[in-house]
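Top line first, the protein sequences correspond to chains A and B.
For the record, in the first sequence the residue sitting at position 265 is 265 according to my numbering, with numbers rising by one throughout.
For the record, in the second sequence the residue sitting at position 26 is 26 according to my numbering, with numbers rising by one throughout.
Bear in mind the hints are in silico, worked out from the structure with no lab data behind them.
Where is the CB? At the ideal position from N, CA and C, for every residue including glycine.
One should not assume that every hint holds.
To be verified - If you want the ones that stay clear, here's a sample from chain A, every Cβ over 10 Å from chain B, calculated:
1) A16
2) K62
3) G131
4) E134
5) G152
6) F161
7) F178
8) Q188
9) N196
10) G246
11) R252
12) Q271
13) K311
What the hints assert, rightly or not - Label-pair restraints from in silico Cβ distances:
14) A/Y172 x B/I34: 41 to 49 Å
15) B/K121 x A/S298: 47 to 55 Å
16) B/M48 x A/Q125: 22 to 30 Å
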Amino acid sequence: MGNLDFGSIFTLTLFAATFRMATPILFATMGGIFSSQSGIFNVGLESLLIIGAFFAVVGSVKTGDPMGGLLFAVVACLIATLIFALLHLELKANAIIVGLAMNIFAAGMTNYLLVEMLDATGVYQSDLIIGFKEVQIPFIKDIPFLGDLVSGHFPLVYVAFLSVWAVYLILYKTPFGFHLRAVGEKPQAAESIGINPKKMKYFGLLVSGLMSAFGGTFLSLSYLNLFAEGMTAGRGWLALAAINFGGSKPVRSLIACLIFGFADALAVRLQQFGLPSQIVLMLPYVSTLIVLLFSAMSDERKKKMAASKHKRLNTAKA
Amino acid sequence: MLNKSQKPTEIPIYKKIIVGAGTQIANYIIILFISISIGALVIFLSGMDPLTAYLALIKGAFGNWIKTADTLDRSTVMILAGIAGTLAFRTNVINLGLEGQLYIGAFAAALVGFSVTGLSKAVHIPLCLLAGMLGGAMWTLPVIYMKLRWNITELVTTLMMNYIAIRFTEYLIAFPFKDPTARLAGSPVLEASARLPKLIQGSTLNIGFIIAIATAIFSFWFLFKSKTGYEMRMVGLNKDFAAASGIPVNRSYTLAMMMSGAIVGLGGAIMITGFFGRFLGSFSSGYGWDGMMIALLAQNHPLGVIPASLFYGALANGALAMQSATGVPQTVVVMVKGTVMFFVTVMVFVRFIRRRLTKWVT
Numbered sequence: 001m002g003n004l005d006f007g008s009i010f011t012l013t014l015f016a017a018t019f020r021m022a023t024p025i026l027f028a029t030m031g032g033i034f035s036s037q038s039g040i041f042n043v044g045l046e047s048l049l050i051i052g053a054f055f056a057v058v059g060s061v062k063t064g065d066p067m068g069g070l071l072f073a074v075v076a077c078l079i080a081t082l083i084f085a086l087l088h089l090e091l092k093a094n095a096i097i098v099g100l101a102m103n104i105f106a107a108g109m110t111n112y113l114l115v116e117m118l119d120a121t122g123v124y125q126s127d128l129i130i131g132f133k134e135v136q137i138p139f140i141k142d143i144p145f146l147g148d149l150v151s152g153h154f155p156l157v158y159v160a161f162l163s164v165w166a167v168y169l170i171l172y173k174t175p176f177g178f179h180l181r182a183v184g185e186k187p188q189a190a191e192s193i194g195i196n197p198k199k200m201k202y203f204g205l206l207v208s209g210l211m212s213a214f215g216g217t218f219l220s221l222s223y224l225n226l227f228a229e230g231m232t233a234g235r236g237w238l239a240l241a242a243i244n245f246g247g248s249k250p251v252r253s254l255i256a257c258l259i260f261g262f263a264d265a266l267a268v269r270l271q272q273f274g275l276p277s278q279i280v281l282m283l284p285y286v287s288t289l290i291v292l293l294f295s296a297m298s299d300e301r302k303k304k305m306a307a308s309k310h311k312r313l314n315t316a317k318a
Numbered sequence: 001m002l003n004k005s006q007k008p009t010e011i012p013i014y015k016k017i018i019v020g021a022g023t024q025i026a027n028y029i030i031i032l033f034i035s036i037s038i039g040a041l042v043i044f045l046s047g048m049d050p051l052t053a054y055l056a057l058i059k060g061a062f063g064n065w066i067k068t069a070d071t072l073d074r075s076t077v078m079i080l081a082g083i084a085g086t087l088a089f090r091t092n093v094i095n096l097g098l099e100g101q102l103y104i105g106a107f108a109a110a111l112v113g114f115s116v117t118g119l120s121k122a123v124h125i126p127l128c129l130l131a132g133m134l135g136g137a138m139w140t141l142p143v144i145y146m147k148l149r150w151n152i153t154e155l156v157t158t159l160m161m162n163y164i165a166i167r168f169t170e171y172l173i174a175f176p177f178k179d180p181t182a183r184l185a186g187s188p189v190l191e192a193s194a195r196l197p198k199l200i201q202g203s204t205l206n207i208g209f210i211i212a213i214a215t216a217i218f219s220f221w222f223l224f225k226s227k228t229g230y231e232m233r234m235v236g237l238n239k240d241f242a243a244a245s246g247i248p249v250n251r252s253y254t255l256a257m258m259m260s261g262a263i264v265g266l267g268g269a270i271m272i273t274g275f276f277g278r279f280l281g282s283f284s285s286g287y288g289w290d291g292m293m294i295a296l297l298a299q300n301h302p303l304g305v306i307p308a309s310l311f312y313g314a315l316a317n318g319a320l321a322m323q324s325a326t327g328v329p330q331t332v333v334v335m336v337k338g339t340v341m342f343f344v345t346v347m348v349f350v351r352f353i354r355r356r357l358t359k360w361v362t
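Work out the full structure, taking the sequences as your base and the hints as a guide.
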């Protein structure tokens, strides 16, 4: 282990890497927020990420363009979510069971298709995969500190962070978002004022598919242009944890995503310093547990404070 | 469900049993038929002969006594994982951490197996298996604490514990318990006194299979005949109602989670002491996940887990043989498994068959 110097670990690159590591989780989280606000906790995010990652590679190879890869991923993920939606909304299957089955099925399915479509087992890496290129933002890239941090990322990183803002606007500032949230909170009440709950749920699920397709594409077509079995490494589940942490609210969930992204980036960085990789790679998952624990604790403290305040007011009145 | 206008007394009990059992059997036969057809279609589309492939699969799984025994051995850990899933799901505990509990159980068993010496088989083997159960059960404790004290859903926490368990055991065999002579990353080899006795010469089948069957029968008794099991099922059906009628909900939750962990941990212990003989990194090819699927396939019935596991085990072993004999990639069985899951979760046929059967019997 030897010379562990904090100054050389916590560098600007680490924070820049945080953004990049948070991106796939962020996409899945923002998508998952849509479905969870419409009343369905989408347990299948992990499967959507892996499907997205796989079909992005297929699309990139077939069309020779990363945008083609993105298109393939979006179509594949939308089809997958549509199946999820049909099973749950039309055939009344339990959403958690369907999501779980999808996760397991998608892992095997992509392995099978990897053999069939790309003739590879386990990993597919080739020059035929065309990935995205980094974007240098003019002006900002020349600012010393900010430039290194913000500029020079892959385009999907910016899309991910902008999507937080978009999701917030759609959910909280448009009538449509209001209707969607109403369906999630009180379906009967929403129905009584003429909102079709099923339609909203379909929409929520399909958005989660769409966003996860972006996340999957980012995984396989940025930085490393490859597809590997199990490359999502539980990021779909981390997204669920982020949604859970943020109470399905976009900005609070973003914080969780950044924490997970930071843990991921730190894990990669610490490995270069000779710490045992097995221990270091536990970091994102351990940090998830800690984050969930702390948020539950602070929630309870807030509730207690609110309750005691209420009590004081009541006694004052009497 | 029976038609509401009919009074239940109109149909004698034996006919109801015929309808109930008949519906289930017919349902599974239809599902199996469709899944196999879809698998055949996929094989056909990739330009190979489905019949030869399936024959190779069946031959690989049940071709002779040795192969049949190997299939039974393969399904041993699946039975245990399936029962672990069943116990949790019946109590409405979504234990997605079976894979991690399997790893910890397996490592605990290996630890007792290679570090304790000078015991007789009759003492050493139960000690190893017990360590496995204890390891699996202990690994659920953080999850239970976070759920009961802080109301954090086990959906996410059990999953995180999976990743932590896999990495943690990898660390243990890479550093503190590294066997310098091993080619793959693995623990030292177990003492001979810790190895499970084989049942048939030439096969890997060992007494673990009998333990698994016994566990299934015990779980059936426990869930459906014991008071605690009844309480757990009531909590699973309706937590609030159970709490209102004085059933200890938290105790049922804790028990379901820990039993689930213990049983899948036992599965890990049996794999190590029976099959591998040492702990190997990433030794499980997703048996915990298979267990969950098996529990769903068996509709959370402990005895139904046995045929479901045999089906999964046969697919796994047969697919390998099929791949080497005909060149059809073994991942084709994913299609079959996926289709089975699809029809089991949606239960489209059940209603139809039951209606027909009820009309026909009465």
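Practice item. Could you check the structure against the hints above and give me the numbers of any it violates, in ascending order? Key: none
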